[in-house]
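If you read the sequence shown in the numbering used here, its first letter stands for residue 24, the second for the next number, and so on.
Because the hints were derived from the structure by calculation, they are not lab data. Be aware that one or more of the hints could be misleading.
Derived DEER-like restraints, expressed as beta-carbon distance ranges [what the hints assert, rightly or not]:
1) A176 with R222: 15 to 21 angstroms
2) R110 with S204: 46 to 52 angstroms
3) E211 with F31: 20 to 26 angstroms
4) G260 with G57: 42 to 48 angstroms
5) K247 with G60: 37 to 43 angstroms
Note that the Cβ used here is the ideal one computed from N, Cα and C, for glycine as well.
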Amino acid sequence: MRDERLLFKTERALREAGIKPSKRLGQNYAVDRGLIGCIIGAAAIGPGESVLEIGAGLGTLTEELARAARKVIAVEKDRRAADYLRRAFSAAGNVEVVEGDILEMEMPAVDKVVSNLPFSISTPVTFKILGWEGFREAVLTYQIEVAERLTAAPGSREYSRLTVAAALLAEASIAGRFPPSAFYPEPEVGSAVVILRKRGSPIASGVGWAALDNGLKALFSQRKRTLRKALSTICRGAAANWEGELGGLLAKRVFELSPTELARVCSSMDAWRQRSGTEG
């Protein structure tokens with residue numbers, strides 16, 4: 024439920040920082056104490072742990088993270104917000120404010136990623152987190168449709184390359200759902216807090232991240248076609264040579280294949296590229 028005092032504090036901070044929230048940048052600020060509590064509870068941060076916060080905004084979540092963690096690295100792209108954060112946390116000994124675009128930065132060494140993600144970059148940030156060697160656990164807020172894609176079943180409308188990458192490399196679960204009024208300004212749709220925990224033994228063993236990512240991009244550009252037809256397009260007619268490798272999978276549509284089946288296909292595609300000397 025929207026907290027009116029937190030809303031007032033947020034509006035005052037925006038005026039102080041000289042910020043008019045940008046829809047293009049996905050600037051929606053949490054004004055629901057229940058949402059903040061859900062994130063902190065799901066993250067279960069230990070006193071010796073370090074945390075990365077992406078899109079720290081005005082520091083509403085940062086304040087709670089700083090109480091729980093040994094160190095918080097708060098990344099914020101908006102210069103005005105970064106300046107505001109530096110002033111707000113100048114006396115805190117465990118908050119480092121970094122001005123920059125997380126998509127263009129190296130991921131810092133931390134124990135967990137805990138963020139109200141800017142909705143405009145939530146998908147590419149998730150792919151970056153999943154492909155990061157240091158990834159262990161993340162608790163992230165998404166627009167509801169992205170959260171549903173992360174936890175979708177094969178064959179469903181929401182099933183996507185994001186679903187598959189998340190399923191192969193992490194265990195994804197929804198910790199809570201919140202209405203648009205949990206943010207200011209209100210987005211057009213509700214949101215959900217998602218927990219991503221790295222798998223001890225990734226299902227995708229045997230296929231590297233680059234091969235998996237490239238393969239899924241190509242396959243889901245043909246998601247409604249049979250795998251045979253998709254591979255014929257992607258691999259320039261080479262699908263006919265793969266009957267022995269992929270067998271019965273070739274008759275399935277791409278979006279009907281399970282994550283483990285898609286990992287197998289991506290591995291075969293990568294081997295074909297290496298044999299043929301094809302880029303991508």
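Do the hints match the structure? See the list:
1. A176 with R222: 15 to 21 angstroms: holds, 18 angstroms
2. R110 with S204: 46 to 52 angstroms: At 28 angstroms between Cβs, range violated.
3. E211 with F31: 20 to 26 angstroms: Because 23 angstroms falls inside the window, the suggested range holds.
4. G260 with G57: 42 to 48 angstroms: violated, 55 angstroms
5. K247 with G60: 37 to 43 angstroms: With a Cβ separation near 41 angstroms, K247 and G60 satisfy 37 to 43 angstroms, so the hint holds.
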